[in-house]
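Q: One letter stands for each residue in the lines below.
Number of protein chains: 2
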Amino acid sequence: MGKNSGDYRFLKACRKEEVDCTPVWMMRQAGRYLPKYRKMREKHSFLEMCKTPELAVEVTLQPFELIDLDAAILYSDILIPVEAMGIDLEFIESRGPVIHNPVRTLADIKKLKVVDPYEGVPFVMEAIKILRRELDGKAPLIGFSGVPFTLASYMIEGGASKNYLEAKQMMYNAPAMFHELMQKITDTVIAYLNAQVDAGAQAIQVFDSWVGCLTPQDYKKYVLPYSKQVLDSIKGGVPRIHFGTGTAGFLDLLKEAGGDIIGVDWRIDLDTAWEILGHDVGVQGNFDSSKLFGTEEIIEESVKDILDRAGNRPGHIFNLGHGIQPKTPPEKAAFLVDTVHRLSRRK
Amino acid sequence: MGKNSGDYRFLKACRKEEVDCTPVWMMRQAGRYLPKYRKMREKHSFLEMCKTPELAVEVTLQPFELIDLDAAILYSDILIPVEAMGIDLEFIESRGPVIHNPVRTLADIKKLKVVDPYEGVPFVMEAIKILRRELDGKAPLIGFSGVPFTLASYMIEGGASKNYLEAKQMMYNAPAMFHELMQKITDTVIAYLNAQVDAGAQAIQVFDSWVGCLTPQDYKKYVLPYSKQVLDSIKGGVPRIHFGTGTAGFLDLLKEAGGDIIGVDWRIDLDTAWEILGHDVGVQGNFDSSKLFGTEEIIEESVKDILDRAGNRPGHIFNLGHGIQPKTPPEKAAFLVDTVHRLSRRK
Numbered sequence: 003m004g005k006n007s008g009d010y011r012f013l014k015a016c017r018k019e020e021v022d023c024t025p026v027w028m029m030r031q032a033g034r035y036l037p038k039y040r041k042m043r044e045k046h047s048f049l050e051m052c053k054t055p056e057l058a059v060e061v062t063l064q065p066f067e068l069i070d071l072d073a074a075i076l077y078s079d080i081l082i083p084v085e086a087m088g089i090d091l092e093f094i095e096s097r098g099p100v101i102h103n104p105v106r107t108l109a110d111i112k113k114l115k116v117v118d119p120y121e122g123v124p125f126v127m128e129a130i131k132i133l134r135r136e137l138d139g140k141a142p143l144i145g146f147s148g149v150p151f152t153l154a155s156y157m158i159e160g161g162a163s164k165n166y167l168e169a170k171q172m173m174y175n176a177p178a179m180f181h182e183l184m185q186k187i188t189d190t191v192i193a194y195l196n197a198q199v200d201a202g203a204q205a206i207q208v209f210d211s212w213v214g215c216l217t218p219q220d221y222k223k224y225v226l227p228y229s230k231q232v233l234d235s236i237k238g239g240v241p242r243i244h245f246g247t248g249t250a251g252f253l254d255l256l257k258e259a260g261g262d263i264i265g266v267d268w269r270i271d272l273d274t275a276w277e278i279l280g281h282d283v284g285v286q287g288n289f290d291s292s293k294l295f296g297t298e299e300i301i302e303e304s305v306k307d308i309l310d311r312a313g314n315r316p317g318h319i320f321n322l323g324h325g326i327q328p329k330t331p332p333e334k335a336a337f338l339v340d341t342v343h344r345l346s347r348r349k
Numbered sequence: 003m004g005k006n007s008g009d010y011r012f013l014k015a016c017r018k019e020e021v022d023c024t025p026v027w028m029m030r031q032a033g034r035y036l037p038k039y040r041k042m043r044e045k046h047s048f049l050e051m052c053k054t055p056e057l058a059v060e061v062t063l064q065p066f067e068l069i070d071l072d073a074a075i076l077y078s079d080i081l082i083p084v085e086a087m088g089i090d091l092e093f094i095e096s097r098g099p100v101i102h103n104p105v106r107t108l109a110d111i112k113k114l115k116v117v118d119p120y121e122g123v124p125f126v127m128e129a130i131k132i133l134r135r136e137l138d139g140k141a142p143l144i145g146f147s148g149v150p151f152t153l154a155s156y157m158i159e160g161g162a163s164k165n166y167l168e169a170k171q172m173m174y175n176a177p178a179m180f181h182e183l184m185q186k187i188t189d190t191v192i193a194y195l196n197a198q199v200d201a202g203a204q205a206i207q208v209f210d211s212w213v214g215c216l217t218p219q220d221y222k223k224y225v226l227p228y229s230k231q232v233l234d235s236i237k238g239g240v241p242r243i244h245f246g247t248g249t250a251g252f253l254d255l256l257k258e259a260g261g262d263i264i265g266v267d268w269r270i271d272l273d274t275a276w277e278i279l280g281h282d283v284g285v286q287g288n289f290d291s292s293k294l295f296g297t298e299e300i301i302e303e304s305v306k307d308i309l310d311r312a313g314n315r316p317g318h319i320f321n322l323g324h325g326i327q328p329k330t331p332p333e334k335a336a337f338l339v340d341t342v343h344r345l346s347r348r349k
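Order-wise, the sequence lines are chains A and B. The numbering used here applies: residue 3 is where the first sequence begins, and numbers increase by one. The numbering used here applies: residue 3 is where the second sequence begins, and numbers increase by one.
Same shape as in the complex, but just chain A (with noise of 0.2 Å):
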């Protein structure tokens, strides 16, 4: 199939056009989940797996050996533009990513590049080429990034948060210095994700993971014009995913950033949020992941739920609400992406 091949369900749906049945994916199907992956990670790092093309090929493609997923999505991380901007950063087992040099200062943000992906980051497209021969025929590959809120978000507070408070510190009390930041990771943003594009990548998703903890008019006034900046500046008419949680009282906003999907967490019914969106936007996500520890009546009854509030409506996408989790079964994993393709058969 052609690179920008129509066959897929998943990408048919992205187009809002009639599918047979409800595309599936899940975040994070590439990863600690898996025992091939858990094996793998015996001898390698977490960062050496996503720097080098041949491992994180190899960890894209496991979970289609058990389960029958519609999409692929590159396995990476979405701070790995951000290490080559001039972040040291490290992984710790049981604790996450680590910034050792959290921006903090004018001088600190001065000192960071605009990263050329070509020369930064140069395995990710290496990756999505190989993917992309190896997928065809196949599944549809997902290119991404995360958004310039959440990596900033990262880059201040120097690795995951509670309350953000320094990143809402900069915001609040040097937004400048916080524009700034925004802007630079913006330009590398738009950069990384079109050479991704370039590379193949037959869709894009834009993670913007913890942008649920501002206000909305906070998101309006230091986070949109960056987001839509983002989302306006993706080359090719390739289908566009806005990610984002805890987002259920400002999905407007979302929109007006931009994305021809909206991805929404579990902690609002698909049927609401999708009102709140309008039906010119297509809609993922909403099944809580935790239910994967769920008994198997326990999965099928959110399927059935989330499928009948999406009413068979062109352009939705089946997926967690955020990553599946560390420990989940991957049977039950599978299971969950038979009972969608099941429940949604149209007749």
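Bear in mind the hints are in silico, worked out from the structure with no lab data behind them. Hints may be right or wrong, so weigh each one.
Where chains are identical, the list cannot tell them apart; a pair therefore holds if satisfied intra-copy or between any two copies.
In silico lysine-lysine, BS3-like type, Cα no more than 27 Å apart, as pairs [unchecked claim]:
no. : residue 1 : residue 2
1   : Lys223    : Lys329
2   : Lys329    : Lys164
3   : Lys334    : Lys222
4   : Lys223    : Lys306
5   : Lys306    : Lys222
6   : Lys53     : Lys306
7   : Lys38     : Lys222
8   : Lys164    : Lys230
9   : Lys14     : Lys131
10  : Lys14     : Lys45
11  : Lys237    : Lys18
12  : Lys41     : Lys18
13  : Lys329    : Lys115
14  : Lys223    : Lys334
15  : Lys306    : Lys113
16  : Lys257    : Lys45
17  : Lys334    : Lys164
18  : Lys349    : Lys38
19  : Lys14     : Lys41
20  : Lys115    : Lys38
21  : Lys334    : Lys41
22  : Lys115    : Lys131
Based on these hints, arrange chain B on the given structure of chain A.
A: Chain B alone, transformed into the frame defined by chain A:
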């Protein structure tokens, strides 16, 4: 003033009557951000301070020396009655509450007691009685409790949690057990809150702080019936404030569970939230506590935005969206309260 004196603007707002200006208090207004409090904590453990009426009274009154608050809230912790149920509770600095015997089996649940508040937590009622005398003519006193889900989540998880996976697993995989635990907590909380009312609490706030981790459908099925039992059982027509965070996607269900005033966090505009809730209930909260680390301009801008969205509608109580943060400058908290009064003064 008498027990149910209606002269306080806080109580008037609870009853949706006209007020001279918008009443304001702050969750966790008695506590760690105050230097006097930190000095006391050098001599006494957190639990000791909660359980010694003289100390709890002193801490409750401390913020009034600096800040022009419209209500006092008993200094205590939502886990106080949980400890009396038979939970081995410890507060570890910088980590929060740790439960050394988390509830995971039916045997664990059977062992828990339904607490008679006069036997299990008599110090709470003693503190309330002293506070009513001390506060007479100055401010009304709010009593409070956690509600079943948030308390159960601590008991099952063994402390704070990110994904609430243990609690959800009990919910999904052992629902009968989960319901038995919820009912035991419900019975404890109802007796506890009514004892607080009998001792003189002039309003009640129930905290369902972590209920935002759930899907709306799970809230409806596993949680709402218990919160409703609690809210329906508060005697004497005392105003009830029903608080949660991360609830923008199911505010309608929070209202269905009950309460005269619904608490909202900062992740949704106040007018949007009130529209969803309906104007037959009041609204409290909405200010992002991180803004207290911003300039006075940042604080004033947000106060003005929230007040504009409330539009002097009866039933608005100004508050933070969650508790005040430990390192908040006390003078900024005082500025917030003065600004609310100044900008909301009715002509």
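Q: Which holds for Lys329 with Lys164 at a C-alpha limit of 27 Å: within a copy, between copies, both or neither?
A: both (22 Å within a copy, 14 Å between copies)
Q: Please work out whether the CA atoms of Lys334 and Lys41 approach to 27 Å or closer within one copy, between two copies, in both situations, or in neither?
A: For Lys334 and Lys41, the Cα distance is within 27 Å only inside one copy (20 Å; across copies 52 Å).
Q: Could you figure out if Lys334 and Lys222 sit no more than 27 Å apart (CA to CA) within one copy, between two copies, both or neither?
A: For Lys334 and Lys222, only the inter-copy Cα distance (25 Å) is at most 27 Å; the intra-copy one is 39 Å.
Q: Between copies, within a copy, both or neither: which fits Lys38 and Lys222 at Cα up to 27 Å?
A: neither (43 Å within a copy, 39 Å between copies)
Q: Checking Lys14 and Lys131: alpha-carbon separation at most 27 Å within a copy, between copies, both or neither?
A: within (22 Å within a copy, 67 Å between copies)
Q: Is the C-alpha distance from Lys223 to Lys306 at most 27 Å within one copy, between copies, in both cases, or in neither?
A: between (38 Å within a copy, 16 Å between copies)
Q: Checking Lys14 and Lys41: alpha-carbon separation at most 27 Å within a copy, between copies, both or neither?
A: neither (35 Å within a copy, 64 Å between copies)
Q: Is it within, between, both or neither when you check Lys115 against Lys131 at 27 Å Cα-Cα?
A: within (26 Å within a copy, 62 Å between copies)
Q: Give the relationship of Lys257 and Lys45 under a CA distance limit of 27 Å: within one copy only, between copies only, both, or neither.
A: neither (42 Å within a copy, 53 Å between copies)
Q: At most 27 Å between CA atoms: does that hold for Lys329 and Lys115 within a copy, between copies, both, or neither?
A: Classified as neither: same-chain Cα gap 37 Å, cross-chain 33 Å, threshold 27 Å.
Q: Could you figure out if Lys223 and Lys329 sit no more than 27 Å apart (CA to CA) within one copy, between two copies, both or neither?
A: between (38 Å within a copy, 26 Å between copies)
Q: When Cα atoms must be at most 27 Å apart, do Lys349 and Lys38 count as within-copy, between-copy, both, or neither?
A: Neither. Shortest intra-copy (37 Å) and inter-copy (70 Å) distances fail the 27 Å Cα cut-off.
When the structure is compared with the earlier hints, violations turn up for hints 6, 7, 10, 12, 13, 15, 16, 18, 19, 20 and for no others.
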